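Given these sequences and hints, build the entire structure.
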Amino acid sequence: MDAGAGMRRGGEIRKARRGEAGLLAQVRRPPGGRDARIMLLAQLLDRAGTGVWAASSVLYFTFVVGLDAGRIGLLLGAAGVAGIAGSPLAGHLADRFPVRALLIGCHLVRLGTLCALLVVTDFAVLLTVFAVTHLGDRAAKTLEMLFATRVAGERRATYQALSRSSANAGYALGAGLAAIGLAVGTRGAYQVLILANALSFLVAALLVWRTREPRGRGLVAAPPGR
Numbered sequence: 001m002d003a004g005a006g007m008r009r010g011g012e013i014r015k016a017r018r019g020e021a022g023l024l025a026q027v028r029r030p031p032g033g034r035d036a037r038i039m040l041l042a043q044l045l046d047r048a049g050t051g052v053w054a055a056s057s058v059l060y061f062t063f064v065v066g067l068d069a070g071r072i073g074l075l076l077g078a079a080g081v082a083g084i085a086g087s088p089l090a091g092h093l094a095d096r097f098p099v100r101a102l103l104i105g106c107h108l109v110r111l112g113t114l115c116a117l118l119v120v121t122d123f124a125v126l127l128t129v130f131a132v133t134h135l136g137d138r139a140a141k142t143l144e145m146l147f148a149t150r151v152a153g154e155r156r157a158t159y160q161a162l163s164r165s166s167a168n169a170g171y172a173l174g175a176g177l178a179a180i181g182l183a184v185g186t187r188g189a190y191q192v193l194i195l196a197n198a199l200s201f202l203v204a205a206l207l208v209w210r211t212r213e214p215r216g217r218g219l220v221a222a223p224p225g226r
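Okay, so the sequence shown: first residue is 1 according to our numbering, each after it adds one.
Keep in mind that the hints were calculated from the coordinates and are not lab data.
Keep in mind that this is a model prediction, so the values were computed, not measured.
One or more of the hints may lead you astray.
[To be verified] The calculated label-pair distances, taken between Cβ atoms and stated as ranges, are: (1) 97 x 186: 41 to 51 Å; (2) 69 x 98: 34 to 44 Å; (3) 154 x 74: 37 to 47 Å; (4) 98 x 157: 20 to 30 Å; (5) 74 x 215: 34 to 44 Å.
Backbone N, C-alpha and C define an ideal beta-carbon position, used for all residues, glycine too.
Next comes the structure, spelled out in structure tokens:
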């Protein structure tokens, strides 16, 4: 019994190792080649910054900006509404303009709005800036999906699985980095977290700039002959 259990355990370990090796191989050579690999890295950095911001934003507005619960609720509500509008807006614009350029624009808009949060004091302006940031977030995700569909073709499902893994790793990394800043808890630490998020958007924009505009139109490209 012990020998049989040991053999089964050994087989499970070997399968797990083969699975890990297969995942690493797919990340190195994803569907879509070089451009897809660069986009996965851009997504990782983007989500790492988003993870930092998600873990620290409410505390920043509470302890640094000094907003009460009611105003923070308004901020989050406006962000949610703007986020809902981001996806259809991105899809509409992608039918008229290059996806690559639009995605770079989203990253740069979020870079600007996050930096503005460090100096904005008027609540109405803050509300607008925060909403635009989240509109850009949702639009960027839609554009990334369009990019994936176009570069990966029939293997888009594999690419999207890699994309989700990359995004989850980024969120986890961002939350871990945010925990360090939150442990310090000073105004400067919160500002560093915001700048770290802004930096992630800048690097993501530079990475997307290195890709080529994907071919095709629409969110879903049907396989040939179907």
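Hints, one by one, checked against the model:
As the Cβ distance of residue 97 to residue 186 is approximately 42 Å, the hint placing it in 41 to 51 Å holds. For residue 69 paired with residue 98, a C-beta distance near 42 Å keeps the hint of 34 to 44 Å intact. Checking the proposed 37 to 47 Å range against residue 154 and residue 74 shows it holds: the Cβ atoms sit about 45 Å from each other. Judged by the Cβ atoms, the range 20 to 30 Å given for residue 98 and residue 157 holds: they are separated by roughly 24 Å.
In this structure the hint that residue 74 and residue 215 lie 34 to 44 Å apart at CB holds, the actual value being about 43 Å.
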